[in-house]
Amino acid sequence: MNATWTNLLPLGIVLSSLLPGLLIFTLREEQTRLRVALNLTGVLLKLGLVGLMLWGVARGLEFRFSIPFLPGGELVLQGDALSLQFVSLSTVLWLATTIYAIGYLEDAPLRSRFFGYFSLCVSATVGLALAGNLVTFLLFYELLTLATFPLVVHRGTPQALQAGRVYLTYTLGGGALLLMGVALLHSLTGSPQFSAGGYLLPLLETRTPSLILAFALLVGGLGVKAALLPLHGWLPQAMVAPAPVSALLHAVAVVKAGAFGIVRVVYDVYGVEPVQALGLHLPLLALAAATIIYGSLKALQQRELKKLLAYSTVSQVSYITLGVALMGPIAAVGALAHLVHQGLMKVTLFYCAGNFAETLGVHRIREMDGIGQRMPLTMTAFTLAALGMIGVPPTAGFISKWYLGLGALETGQSGILLVLVLSGLLNAAYFLPLIYRGWFATPKAPWPAAATARAGRPGWRETHWMLLAPTLFTAALALLAGILAGTGFSPLGWSQLIINREFDL
Amino acid sequence: MPATELLLDITLGVLLLILAGAALHGTRLYTGIISFIAFGLLLALVWARLGAPDLALAEAAIGAGLTGVLLLSALGRHADEPAQPGSAVRTLATLLLGVLVLILLLRAVLPLAQGPQPLPALVNSQLEASGVSHPVTAVLLNFRAWDTLLELLVLLLAVLGVRQLQPAGRPRPGVWPLLQAWSRILAPLSVIIGGYLLWRGSHAPGGAFQAGALLAAGVVMLRLAGLLPLLRWENGLLRLLVLVGVALFLTVAAAGAWFGAGWLNYPAHWSGALIVLIEVAATLSIAASLSLLVVGERQELGR
Amino acid sequence: MTLALASLLLPLGTALLMLLLRLRSGIWVIAASLGSLLCAGLALHEVIEQGVQTLAIGGWRTPLGIRFELSSLTAVLLVFTAMTHLLVAIYAQHSRHSHARNTDYWPLSGLLHASLAALWLSRDLFNWYVTLELLGLVAVAMIILSGPRAHAPALRYLLLSLAASLCYLLGVALLYGRYGVLDLDLLAQASEADHSTRMALLLMTVGLMLKAALWPLHLWLPAAHSSAPTAVSALLSALVVKGPLFILWLLWSRVAPVDMTESAGLLFALAGIVALLAGGWAALRTPLLKTLVAYSTVAQLGYALLALGLLLRWQQSELSVALWLFVLAHGLAKVSMFLAAGEMQATLGSKRVASLKGATQTMPVAMFAFAVAGGSLIGLPPSGGFVAKWVLLQPLLLEPIHWPWALGVLLGTLASAAYVFRVVALSFDRADATPPDYDPDPFAQWLALLPAIAVWGLALFSQPLILWLSEASG
Amino acid sequence: MLGWLSNAALALGAFFFIAGTLGLLRFPDVYSRLHAVTKADTLGLGLVVLGLCLRAPSWRAVVMMLLVWLLVMASSTTACQLLARYQRERDQAEGGDQDARH
Amino acid sequence: MSGASLYLGLGVLLWLLGLHGLLRLRHPLRRIMAINLMGSGTFMVMVALASRSGHNDPVLQALVVTGLVVAVSATAFALRLAVAHQAHRSRQRPTGEHEE
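Protein chains in written order, with numbering that gives the first Met the number 0: chain D, 0 to 504; chain G, 0 to 302; chain F, 0 to 473; chain R, 0 to 101; chain A, 0 to 99.
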């Protein structure tokens, strides 16, 4: 391993949040300024390194870091196009969420522990994204579970502990399944590098039962985090965690890790032809479609805002699995684009939910009447993101749903088109009443003008600036991702680049 | 096989079984212990019958003597517990299982009566190189000296274990002059016989363990007669006595490893003298350890 | 070989010296275990260079004398024993809660170290009997260090240990009666599958399983290991139960004739799976913290038993690497877990698991050590437990007919995850955290964290480790 | 002639041993049992030793056996004395004071 | 030769008797005696094997001597431990009733 800078950059990206995190653990509670400084340096450093890598990859450089780990399977961190998309998404959102979390936990207890585990989570997510082979992916997948658990139970209340226990049973079970799957594949072929067309083609005839079982195990293990139908139970319960945790982790980092894993397994381990040859894409397709419909239906029945958003995440993430399972290039572009778009939109929605809860103590949907007059800016961000989720042009959501629809038509799966349309209607069914309540309904009681310490008059001072700025920033990003979809550096453009390389169009 | 020897073996065997049964399942614990001591003595007879005089000596001194004293002193502390209600079904089941296991074991053991035995010939061939003429002592202190070193460690460990128990002091019974007079006669006798056994070990049955046990019996006798002063653990001599056996053996072994021909490898013409030296040290430490084990007080074992 | 002997003699000499001069400070034992660690390390280096070395003690060749063999596995075990003793000695000396300081703990730990080294090195059946007896007595003597309440479990342990040694001795007598030799390799050449050999091996296996607390015969372990002082229970769980396992492995993989190993392998593997589940279930239900950690020892030995069983069943000797990786990873993890549990129990003032509420606030470092060690027991990457399970799974998953065994390993993982996270989840409960009655001892907690970190990163060091362990499987 | 004499001595010795054991089993209280065992066994042993001396191969063995006989005789008498004394003490403790006076 | 096999059988029987006693009995002293019986049984098997072929096998006799010393030191330790345990228990419950 010659220690040139191209080798050390991936490691640098992972360490840039790991080292500050470990330092934050040792800080005492009252050293807030030092903690904030550490946090921000970690974030900006990572952003810079990711930018550098983006610039490098665009110039065709090869970034690969590897150390011996297991016999036949090294620990490989590699910056290819797909991993970069997910890394840049999580880094940007980590910046926004860190600022949001600092504002959100102004004088809460145990912040050193919170931010320590927070940075560990992001390092695990980034490591997972940069993983170069299945063994490294498994390592960071399990570390992600361990790092997120303390955040879910951060409040330490009995409900939080109960949610934590449920979370653990699901994710550890999933982790064990993934371990079995990866071990099975490793026993057949060792753990070679992720390659565009997958490396299991030669084994197709001789080892079919093993490959089918391995695929089932891998999808089962990843499905837990991607909240596929039978394994999604932990997500709504994990909403008891503080808002920044639900925002970054349960809308972006953890859930996307599962979806990203499924993308890696289908494209870079099995490859499209073997999956079609084994007929594995049909059950996956059915599962994804069922999850989409189920998630939207459950969201309809929710009375609490965060539970509603949780179920909408369950259904939205399955769009990605749907796109992948359609096996077509256009659907794949839609899926990868949706991976980014959904992240941006969902994180905005969770920020708004956090603002409502933190500023006005609004948790249930009934209490949202006329909240637009009191917090217009947050409500506009909420509306923008909600419209994006429904798929109204020109938002990002529309772009990805559009490509998914085209992909469904391209591969002749017209039934899936019906599913997409139905889910769009269901999204509208549970988001539009919220928007109507927020803007047009009259508040039951006049909003307390200067009730809490964070209070302020509607407009720029409606809540703490650290809560408002990230919300607006991500809402704007979601909008820009939709409007500037055509350009090269937008999520859609980047997905197109990945899929061209994947399907070698 | 002349009939009388078979008759002797059978009677010995039956007697042993009766005594063992009485020891375990006798109603009163006191009779159990007495029959256990008798069992030990009879066992010494069996070892002599099977042509193992070293063992007969050791069994009589250690097995019946010291263990008997320990059991009787332990009996003093234990209230006699009520007999266990044995249910018929359980005894029948255990009987059946016992018979089954016995048959399995017998089928495994009996054909061994004619197994190959290369080692005795090998021992005799190497005997004169070992520095002693009695084969058992040669094996114990030269061919398998490492076992003996570890075994002295086991004895030391037992003493250390008893040290942790902080044994309560023994209530002083009224000491009769007769007992004191008799132990004054017996003690020197046991020293003489112990010394003789030790010296004899190099060319005939005897040796460190039997001599040590005999000396320990003498010490126990003196202690029970109240003639022996309490030798506190703080006193360097007592500690030295307990440790001298292992320590000397270890230094000889280590010296052999670094200067001489190898680990536990006695230099050729020195081996006889070294073995005797080790035997003397071993006897002293065995005597001290066994007496501490049997009659050690809190002060002697000390904290 | 002289280095290995030095690694054995140093602790033995120090122990005797401390007894003779009535020294009570732990510095001597720390120095001795450090020296012994150095010698063991150099011995390992020497073995890697020149391969397996043997020593006929006293110059007498095997049928008559006793033979020492230093293979790379033995050297790794010597290093592991010395390292554990060094760590626990530092804990016993510097931790405020360890009441082993001015007791006989020091000479006893030196003797334990020496008898373990004697066991690893020896290849003679009767010599193993004496070393097993030594281990049993040292363990009991150390258990009763914690006062009269430990007498009952210590007595039961002593009686069962003596009975087990006599079972083993009867087996040795049968083998000697049948083949006339006591050395392992001579027996390996001469052994045939007849009734006497089968009975002898059965007797020896029952004795060894009782002493190693392997599943059906493990009932004495929880009471004995939880009533011992913290430092002692760490040594017992990490090392003492591994000695008989070493003999069991050598016996079955070298001496036992081939057609006997098939059926025995199946029984061992099944016993291993049941041990995982039964140990896990018992650990999940016990209200006491140290008993939980003791039951986890019984469960984790199930993994080693499973590896041994499959190794014998398919005659695949590379599975022995998985067996010894489990032993090493479990040893390190168990030392850290017992030290952390002991610290928490002493500081929070209660033996119960329920008193760990809010432990992440009151004793963050100890709880972190417990969780990291638990992570290795579960087998989360990149820990040592993960590498061991990985090496075990590879041959299992290759052929579809072996998949049920992989299912057993999966169940074992979930069982160990259940009881580890039962404690970890409880410790995040901030509702009514148990306040420590006096300030916790930070040094001891960081010390407990050290082996946990070592076992957590073991995977990064697994390449050379697997190389050393695989050579010895011949 | 010597052979016949030693067999007779051995037989007589065995007879006394059996008598002693019978006494041990049949007699009512401790003192009489002690009396029987000590007397009969010592005499029995003396006769057995006499019988064996007649057969003994060398004078050294004869001396050894006589020493053994001497030691056993001394130890059995002392043991009998101690046991009787111990028993008397226990009887006094239980029997209260009426027979303690004499 | 049949003398050796008689004692072999007797040794195994004693070993089994001791094992049965250890498992069935509850009183510590009786259990310790049971273990001694097991030991004696094992040693009898070994000595019987030693005396199989005319001249005795010194190695086995040496092993039994070692085994005997190990047995007696372990028994002494077990007995003292049983006495200490009993003394501790009676100190805790002076009324002296034994529920074991």
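Since the hints were made in silico from the structure, they are not lab data. We treat Cβ as the ideally placed atom computed from N, Cα and C, and that holds for glycine. There may be inaccurate statements among the hints.
Stated by the list, open to error - Pulled from the structure, derived: some chain A residues nowhere near chain F, Cβ distances all over 12 Å:
hint, residue
1, Leu-5
2, Gly-53
3, His-54
4, Ala-77
To be verified - Some residues of chain G that are not near chain F, with every Cβ distance over 10 Å (derived):
hint, residue
5, Leu-40
6, Ala-47
7, Gly-50
8, Ser-72
9, Leu-99
10, Arg-106
11, Pro-115
12, Gln-116
13, Gln-125
14, Leu-156
15, Ala-157
16, Gln-163
17, Leu-230
18, Leu-242
What the hints assert, rightly or not - So the derived label-pair ranges between C-beta atoms look like this:
hint, chain 1, residue 1, chain 2, residue 2, range
19, F, Ile-47, G, Thr-90, 57 to 63 Å
20, F, Leu-20, G, Thr-90, 35 to 41 Å
21, D, Glu-204, F, Val-51, 52 to 58 Å
22, R, Leu-24, F, Gly-146, 44 to 50 Å
23, F, Leu-266, D, Pro-108, 52 to 58 Å
24, F, Leu-16, R, Leu-24, 56 to 62 Å
25, F, Gln-49, G, Gly-235, 41 to 47 Å
Going through the hints against the structure:
1. Leu-5: holds (15 Å)
2. Gly-53: Given a closest Cβ separation of 15 Å, the condition holds.
3. His-54: With a cut-off of 12 Å, His-54/A remains clear of chain F, as the shortest Cβ separation is near 14 Å.
4. Ala-77: violated (5 Å)
5. Leu-40: Per Cβ check, Leu-40/G is outside 10 Å of chain F; nearest 21 Å; holds.
6. Ala-47: holds (20 Å)
7. Gly-50: holds (17 Å)
8. Ser-72: Label holds. Min Cβ-Cβ 17 Å, cutoff 10 Å.
9. Leu-99: holds (13 Å)
10. Arg-106: violated (6 Å)
11. Pro-115: At about 4 Å from chain F, Pro-115/G fails to clear the 10 Å cut-off, so the statement is violated.
12. Gln-116: Label violated. Min Cβ-Cβ 5 Å, cutoff 10 Å.
13. Gln-125: violated (6 Å)
14. Leu-156: violated (4 Å)
15. Ala-157: Given that some Cβ of chain F is not farther than 10 Å from that of Ala-157/G, nearest at about 6 Å, it is violated.
16. Gln-163: Gln-163/G not clear of chain F: closest Cβ-Cβ about 5 Å, inside 10 Å.
17. Leu-230: holds (15 Å)
18. Leu-242: Non-interface label on Leu-242/G violated, nearest chain F Cβ at 5 Å vs cutoff 10 Å.
19. Ile-47/F with Thr-90/G: 57 to 63 Å: holds (59 Å)
20. Leu-20/F with Thr-90/G: 35 to 41 Å: violated (56 Å)
21. Glu-204/D with Val-51/F: 52 to 58 Å: violated (44 Å)
22. Leu-24/R with Gly-146/F: 44 to 50 Å: holds (48 Å)
23. Leu-266/F with Pro-108/D: 52 to 58 Å: holds (54 Å)
24. Leu-16/F with Leu-24/R: 56 to 62 Å: holds (58 Å)
25. Gln-49/F with Gly-235/G: 41 to 47 Å: holds (45 Å)
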